[in-house]
Amino acid sequence: MANVRMHVLVCGGTGCTSSRSLEIVDALRAEIKAQGLAEEVKVVIAGCFGFCEKGPIVKISPDNTFYVQVTPEDAKEIVAEHIVKGRKVSRLLYVDPKTTEHISDSKHMDFYKKQLRIALRNCGFLDPENIGEYIARDGYMALGKALFEMTPKEVVDEVKKSGLRGRGGGGFPTGLKWEIAASYKADQKYVICNADEGDPGAFMDRSVLEGDPHSIIEAMAICGYAIGASKGVVYIRAEYPLAVERLQKAIVAARETGLLGNNILGSDFSFDIDMYYGAGAFVCGEETALIRSLQSERGEPTSKPPFPAESGFWGKPSNVNNVETFANIPVIFLKGAEWFASIGTAKSKGTKVFALAGKVNNVGLVEVPMGTTLREVIFDIGGGIRNGKKFKAAQTGGPSGGCLTEKFLDTPIDYDNLIAAGSMMGSGGMIVLDEDDCMVNVAKFYLGFTVEESCGKCTPCRVGNKRMLEMLEKISEGKATEKDLGRLRELAGIIKDTSLCGLGQTAPNPVLSTLDNFYDEYLAHVRDKRCPAGKCKSLMQYVIDPAKCKGCTMCAKVCPAGAISGKVKEPHVINQDKCVKCGACFATCKFGAISKR
Amino acid sequence: MSGCCDGNVERYKELQAYIDGLPDKKGRLIGVLHKAQGIFGYLPREVQEFIAGALGLSVAKVYGVVKFYSFFTMVPKGKFPISVCLGTACYVRGADDIVSEVEKILGITVGQVTPDGLFSLDTLRCVGACGLAPVMIVAGRVFGRMKPSDVEGIIAEYRAKAGDSEKDKACEGVCCHG
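Chains A and B, in that order, give the protein sequences.
1 is the number of the first residue of the first sequence in the working numbering; add one for each residue after it.
1 is the number of the first residue of the second sequence in the working numbering; add one for each residue after it.
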């Protein structure tokens, strides 16, 4: 690496590769070779930079130039101008929407200013397929420190002191979990990494695996040392081929370097990692279901106790943590538990990665200290609501969570505040909704997901959620009454109280949270048979504004149902009983006289 | 096993070799099913029976696992499988309209294959390209920021591609349903 004067990092995350970033890599490499610079300029496929909205992203180091929305056709200019002549290609720089200034270094962009990257510290900074680059950024130092300077108990205590809590959903204290697993005696124990990210709308674990796989291997080895396990298991989503490939390569590289296998770094600690594929079951995020799936069974949860720490994979003590939790571990040992605990709020330490998406200007992966407000995430980092629309709610916690409305915009985000606000942290999906979103429809979307993903083992979840979904369908079709809203709430309570696992216990949350915060909207559906956002098709009406209608008869001609009548040059009307809501009139009217209501 | 053509015999051989190469057979079913689906494209009854025999499991057990996980399918995919992302980010940006448009144009519903075997339609949950929402994937290629009006052109593009390899399609059709 000594003679390489410049690195060109191209985002290899899913968003950017979907926009042809790998073609950019090929084009850059070809151009660099053509200029005879292959020895001194290296093109690297890096992990996700997070700013997916502006992808594909190309970053040039050491001058930290951050190019956005690059196409393969731009490669020639980047090489000729920037790499050869040292002149930045200003048309590819990020333009600040407020000042319209070109910004070249990402740290001056609003999107990055308020972020603090701990779990994502290496994503976008190194070649994930090169163990040397990870080591050069202090990789595996934390493992060395644990093995040679600390006893297993001290390792557990350090994690406890850091205050780290599980990032996969529940927020259980990680150190305590390790302590319990360490307390059981067994001939074999397991460290399990849950990499089966199932929340629709969350992709932070994928980005860590794709961008910094060695941090997970290192953290699992540290955990193995702490709890006395010699085997690690990664349960990874088969739908993430790039993450699978990179982790696989990283495991092989770690073995070859002596960082996995027998007598790691010459110590008497031995540890190795196996990969198992998930097969698309959301319920397998529940740790007992995950373990059943690892054993090649149907992923149905079992009752706890016994907890996996006592009897897990093949009946042996097992510790399950998710990817983002593990990604924090090495840093705790490098910078100290006190440092980690100094970030965040009283009971939630460190940072949280959010997958910010929906109706927000800057979609992407965002890592902020716990205690950052929703307003800072959505309006400062996220750049506000798309198309100047009005903020309605932010949905966090995915299918297990709820909606945070305007009144929570200034609440510091942490585990406990989110629960108090009727939502939860979950794995970190944050979907921003605007005035055009119907909350009944949103609740229906999430419940539809849980109904599909319910494993079917216990009745409240299997049957109860299905009944709730039917009630929501009735509401969105305008066939429900106010009485149904009461029944909906009652059933939600029963399902929460009587389901076996986390999936069932939290499945009614999106319904309850929208009922609590948007009761008026439910009432409009059942009482006035109206969908205020105009999303519920059965309740939507097309209407003609008589002031704007010129009587051109075009709408009446295209209407397949013969629902529009009126004389030439006189305002037309739509017969709502005949209208099939196909929208043909709406698309045809040249005068903007037809609107949805 | 129909054994209707050499292709299938080769496929079973490949699967058997994979199973023989496993260090042990305990808890390997899901891995074997992944492999089998990779080889055959889907998991018809005969393949499940073969796996049950090879691993010493009951067919009911194998079927129970296949039906539980949404990644496994007993229906063959089209030559160009279409998946529309129904993750939350895509959903709030109108992915359901994309699904309806594909259904309308192809005349099939989610989970089905067109009679000519060219296209199949599925939905999936979050591909992690939320910045491009809504997203549609055709034969591994991702189309982002989709509008319903984009669907027709994309399907036409793949139809045109299919014209070149008419013969392969006919053969596969026979084998898959054999």
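Be aware that one or more of the hints could be misleading.
[To be verified] Just so you have them, the derived chain B footprint on chain A, three or more residues with Cβ under 8 Å:
1. 7–15
2. 272–279
3. 317–324
4. 419–427
5. 471–478
6. 523–537
Calculated from the structure, these hints are not laboratory results.
Since this is a predicted model, take the numbers as computed values, not measurements.
Glycine included, each C-beta is placed from N, C-alpha and C at the ideal position.
Against the structure, the hints:
no.	hint	result
1	7–15	holds (count 3)
2	272–279	holds (count 4)
3	317–324	violated (count 0)
4	419–427	violated (count 0)
5	471–478	violated (count 0)
6	523–537	violated (count 0)
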